[in-house]
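J.: Residue numbers (the numbering used here), protein chains in the order written: chain Y, 972 to 1269; chain G, 972 to 1269; chain C, 972 to 1269; chain D, 972 to 1269.
Derived by calculation from the structure, the hints in this document are not laboratory data.
Some hints could be false.
Since the list gives no way to pick one copy over another, a pair counts as held whenever it fits inside one copy or between any two copies.
[What the hints assert, rightly or not] The calculated lysine to aspartate or glutamate pairs, modelled on EDC-like cross-linking and capped at a C-alpha distance of 20 Å, are:
| # | residue 1 | residue 2 |
| --- | --- | --- |
| 1 | LYS1037 | GLU1137 |
| 2 | LYS1037 | ASP1230 |
| 3 | LYS1037 | ASP1070 |
| 4 | LYS1037 | ASP1239 |
| 5 | LYS1037 | GLU982 |
| 6 | LYS1091 | ASP1119 |
| 7 | LYS1037 | GLU1234 |
| 8 | LYS1091 | ASP1254 |
| 9 | LYS1091 | ASP1042 |
| 10 | LYS1037 | GLU1225 |
| 11 | LYS1091 | ASP1070 |
| 12 | LYS1037 | ASP1026 |
| 13 | LYS1037 | GLU1202 |
| 14 | LYS1037 | ASP991 |
| 15 | LYS1037 | ASP1058 |
| 16 | LYS1091 | ASP1171 |
| 17 | LYS1091 | GLU1075 |
Spelled out, the chains give:
Protein chains: 4
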Amino acid sequence: MLARNQYGKAENRVVRIFRDTPRHAIHDLNVSTSLRGDFAAAHTAGDQSHVLPTDTQKNTVFAYAKSQGVDPIEDFALALGRHFVDDVEPVTGARIEIDEYAWERIEVDGRPHDHSFVRKGQEVRTTAVTIDGEGSDQQVFVVAGLRDLVVLKSTGSEFAGFLRDEFTTLNETHDRVMATSLSVGWRYCHAEVTWQASYDAIRAALLEQFASVHSLALQQTLYEMGRTVLERRPEVAEIRLSAPNLHHLLVDLERFGLDNRGEVFHADDRPYGLIQAAVQRDDSPAADRAWETMAGFW
Amino acid sequence: MLARNQYGKAENRVVRIFRDTPRHAIHDLNVSTSLRGDFAAAHTAGDQSHVLPTDTQKNTVFAYAKSQGVDPIEDFALALGRHFVDDVEPVTGARIEIDEYAWERIEVDGRPHDHSFVRKGQEVRTTAVTIDGEGSDQQVFVVAGLRDLVVLKSTGSEFAGFLRDEFTTLNETHDRVMATSLSVGWRYCHAEVTWQASYDAIRAALLEQFASVHSLALQQTLYEMGRTVLERRPEVAEIRLSAPNLHHLLVDLERFGLDNRGEVFHADDRPYGLIQAAVQRDDSPAADRAWETMAGFW
Amino acid sequence: MLARNQYGKAENRVVRIFRDTPRHAIHDLNVSTSLRGDFAAAHTAGDQSHVLPTDTQKNTVFAYAKSQGVDPIEDFALALGRHFVDDVEPVTGARIEIDEYAWERIEVDGRPHDHSFVRKGQEVRTTAVTIDGEGSDQQVFVVAGLRDLVVLKSTGSEFAGFLRDEFTTLNETHDRVMATSLSVGWRYCHAEVTWQASYDAIRAALLEQFASVHSLALQQTLYEMGRTVLERRPEVAEIRLSAPNLHHLLVDLERFGLDNRGEVFHADDRPYGLIQAAVQRDDSPAADRAWETMAGFW
Amino acid sequence: MLARNQYGKAENRVVRIFRDTPRHAIHDLNVSTSLRGDFAAAHTAGDQSHVLPTDTQKNTVFAYAKSQGVDPIEDFALALGRHFVDDVEPVTGARIEIDEYAWERIEVDGRPHDHSFVRKGQEVRTTAVTIDGEGSDQQVFVVAGLRDLVVLKSTGSEFAGFLRDEFTTLNETHDRVMATSLSVGWRYCHAEVTWQASYDAIRAALLEQFASVHSLALQQTLYEMGRTVLERRPEVAEIRLSAPNLHHLLVDLERFGLDNRGEVFHADDRPYGLIQAAVQRDDSPAADRAWETMAGFW
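Please construct the entire structure, taking both the sequences and the accompanying hints into account.
T.: Written out as structure tokens, the structure is:
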């Protein structure tokens, strides 16, 4: 009756300093590991003989941060996942998820400082690597992405011509503020990718499309983002986007003798629209397994 | 190239007061709706003619809170989901998720007050209803559950006999604090259930098993919880549990001439173990569709 | 040019189990210490010879949790504060702040379990003890309180007859939902108090007044709460209350052919009203020092 | 028995777009207002005739965002505060607090876009303006500042030579990671300041000092930050700094045959050191009133 199960150590907060020269570099990560395999006895009989403790997984994460490096996070996740599956007997699958927080150098007298940093604060870069099976049957899925990339355009967005029913009261608009906090994940076709370059190009494409597309709906903007990434980046098989519509409500100032032509808004908290879409290559096999347990993507 | 997609209004904060008599009742909900169907044109061409605005979904939620009631949340979710699928032409599927926050009456002079309440603060009750398809082919999945139920036992928990590798440094223990914040979801076999009674019985069983099982590992405790629910509640087809191991680290006080036999702990934040398990009836078909987009369950 | 300064260790998460009998008890605390004194050289010259490390303060908190006990938190805070001021030479003042999270026993077969607990989840109990000076001049201030006590009354609340200016659009109401999340602190006249009994009586009085007072404004309710506490509890010199007005907006359902007489509300997040008031004995000297750095009270 | 009291509308989320030309500008604010004055009757008798509703305060904030502009936030806060005190009869004092979230333009083809923005994500800029009294006796206090500026230096920080007692176990270190999330507020001598230029110069000085000072303790770094600001900016009377010591714990990798010379750290959550200091001009009168209710500063 035991169905699927996994266990691991979540949110290992690894900070890795590279200090081989006086010009240090910093990588600031949140690493979660999950192992899958033959753990039935631990559940049904309390027998831990197949269970590598989560404390050991934590130790492994920190040791690998030294011995394998952490940059880029996709390689770090692959190294960890392969280790658990290949080197630990009862483990037949692993999921490694890593968040990376960006830092930039503090400027002193116009020059970037060697060892002092300020947290950048924008989006969190993410990866989720799934390793399934051993030996020649082993499957590897790499999803990379970002979250908390908050964007807004103050014009160039409409919402009109929508379906109406007896509960519809919304007015059409041909000029509104459109804002969202992007969560995006893209699945690579394989694991032979120049990860950093791919990430940078995809992030730039997402921002560029958000800015450039004259939007008739958030759905359309998301689709154009996804389509552009697939067109430009052959290494990407599929991209999923989840975007809350962060409503900016125009405030009625006529009551106070003031006009308000798209100038003063109340940024509302809840409820918010939530748009989720996936864009996929026609010729690419689906791989839902790569996305399991990832909140927010459908 | 557009793959699956859905959209809706998330986190409608509905408070429903029943006040037909001087003894009021309160239901405090967070309702999220998502619609699925033929929305390709909205993505690829910006054509909204099939898109029922998320604002309309919000209006519907509040109107149904009046006309259909909200108690229990499973029925409210079913009513909303069926309305969207059955009554809105382009909609072929819906997912309705509801959180409920519990309140209890304030006591005045030893008697529960008629219209004054204090938020109970313990677990959040949840449901996620999925409606798939129309007419006689329509499939309905009801998952109910809870989250943020924080439990701790101060003895009766061991962790020993585990697998060791070169990164293992953990000591075995035969008496430790075990604490977790439970997220549990259970999928019903059908939708003809006395929801409140079922919820109450399952919650009680979960707490009872946590308390009573002498635990050799959190995995074992979770499995016993799940098994017990399936044994006692024939209406449940499957149950999934996600449990962070909230580490309580024994503080070394010998350095200060004090012994510490399981008395003083540091409650650590991160990292934490994370154990996820599903227990399922042998004879029950899987239904992963019911769980999609639900964070934390695997 | 250095003005006032303090330093300490914040948020020590102490869990103390009493297990002298099979019926265990649990106390779950968040303890923050701050020291004041002659620390100028640490700031101006980097000289740490007067600085007791914050790591040592942490060790002291955990050691005292064993040797002095933690129950009630006011006594624990007094013991810690007096130790730092009396026993550590350069320290001339201390502020100890403690939050306590309540737990209750899990029921199994109708009986409270000996060593299994569920977090209660309602309000957080707080104390802030200030020790100022040494020897016979030493002053001791004890503030106790609570926060996150969320209460709501579904009728018995009005808001009318208010001041109007050119920006006023609010309608008067004689029946509304009133809800708040109470933060309350009360300063004791002295430190010879039966802390637990005093806390229980004050908490009950606050809830009772919230429920019983027919409210013409949140200000009035807060004042009646404070006045009642001072009348009933001679050990209290002053009480401060901070209460967000958690707006519950009646939803217009007439648009959909439904009436809504105080039944369906949208619980709004932001903005919220914020009402802060202090009630004090006429004959009690002010003691602003006791309240410094406590967010939310004015 | 009613002592001091104030009330207002907290967290008005104002987004102001300037769109007089195709090159839009965005200001994203969180505005809280509090009024002080003759409100005793509202508390003791429920008489609202002196009470300007918090809803009106909200309306005023949004109307002024249009009519007065919002840039810089210090001027917006001054305009709001003076309006309430000067124009609303029973109001004799006001406190206006504003947070500002920074945005930057999205780059498309190497050029900053006219109307598409990405949230910058770094520190929050703050101001707290206090207006006290009317007419020629009116006092005005302007505090400006920032919070959530997260900085780290990977070397150039020591902690040694500290006081030891029986609870001290910490080792001395001459090379550690020092990290903090800065909250800083500075009080201006008067209100005739070029706010933006002053803010930019102070922010730069804080970062520069953090980077440049070889630190013997966080206290010393904070003091040098404060001293430098006072030396360079004659318009500043006083500066207060609150800095959690975000501990980065060196991970013991020798157990796994790896050395770790300041390369791999665990970023711990709690507890954390907390250092608070104020630096003030010798010849400047104290003004604690300007700082009341501001959490975190002492």
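J.: None of the hints should be skipped; say for each whether it holds.
T.: Results of checking the hints against the structure:
1. When the C-alpha separation of LYS1037 and GLU1137 is checked against a cutoff of 20 Å, the pair qualifies only between copies, where the shortest distance is 15 Å, while the shortest distance within a copy is 62 Å.
2. In the homo-oligomer, the alpha carbons of LYS1037 and ASP1230 lie at most 20 Å apart only across protomers (9 Å), although the nearest pairing inside one protomer, at 60 Å, exceeds that limit.
3. For the homomeric pair LYS1037 and ASP1070, the shortest alpha-carbon distance inside one copy (18 Å) is at most 20 Å, but the shortest distance between copies (38 Å) is not.
4. In this assembly of identical chains, LYS1037 and ASP1239 lie within 20 Å of each other by CA distance solely across copies; the values are 18 Å between and 44 Å within a copy.
5. Only within a single protomer do LYS1037 and GLU982 lie at most 20 Å apart by alpha-carbon distance; the minimum there is 18 Å, versus 30 Å between protomers.
6. Proximity of LYS1091 to ASP1119 under the C-alpha cut-off of 20 Å is found in both arrangements, the shortest distances being 13 Å within a copy and 11 Å between copies.
7. Taking the shortest alpha-carbon separations for LYS1037 and GLU1234, only the inter-copy value of 7 Å comes in at or below 20 Å, while the best intra-copy value is 52 Å.
8. With identical chains, the CA atoms of LYS1091 and ASP1254 are never at most 20 Å apart, being 38 Å at best within one copy and 38 Å at best between copies.
9. In this homomeric assembly, LYS1091 and ASP1042 come within 20 Å of each other (Cα to Cα) only inside a single copy, at 17 Å, whereas the closest approach across copies is 24 Å.
10. In this assembly of identical chains, LYS1037 and GLU1225 lie within 20 Å of each other by CA distance solely across copies; the values are 11 Å between and 62 Å within a copy.
11. Proximity of LYS1091 to ASP1070 under the C-alpha cut-off of 20 Å is found in both arrangements, the shortest distances being 14 Å within a copy and 19 Å between copies.
12. In this assembly of identical chains, LYS1037 and ASP1026 lie within 20 Å of each other by CA distance solely inside one copy; the values are 17 Å within and 27 Å between copies.
13. For the identical chains of this complex, LYS1037 and GLU1202 are neighbours neither inside a copy (37 Å) nor across copies (43 Å), given an alpha-carbon limit of 20 Å.
14. Taking identical chains as interchangeable, the C-alpha atoms of LYS1037 and ASP991 lie at most 20 Å apart only when both belong to the same chain, with a minimum of 13 Å there against 45 Å between chains.
15. Within a single copy, LYS1037 and ASP1058 get their C-alpha atoms as close as 18 Å, which meets the 20 Å cut-off; across copies the closest is 43 Å, which misses it.
16. Within a single copy, LYS1091 and ASP1171 get their C-alpha atoms as close as 15 Å, and across copies as close as 17 Å, so both meet the 20 Å cut-off.
17. With identical chains, the CA atoms of LYS1091 and GLU1075 are at most 20 Å apart both within one copy (6 Å) and between copies (13 Å).
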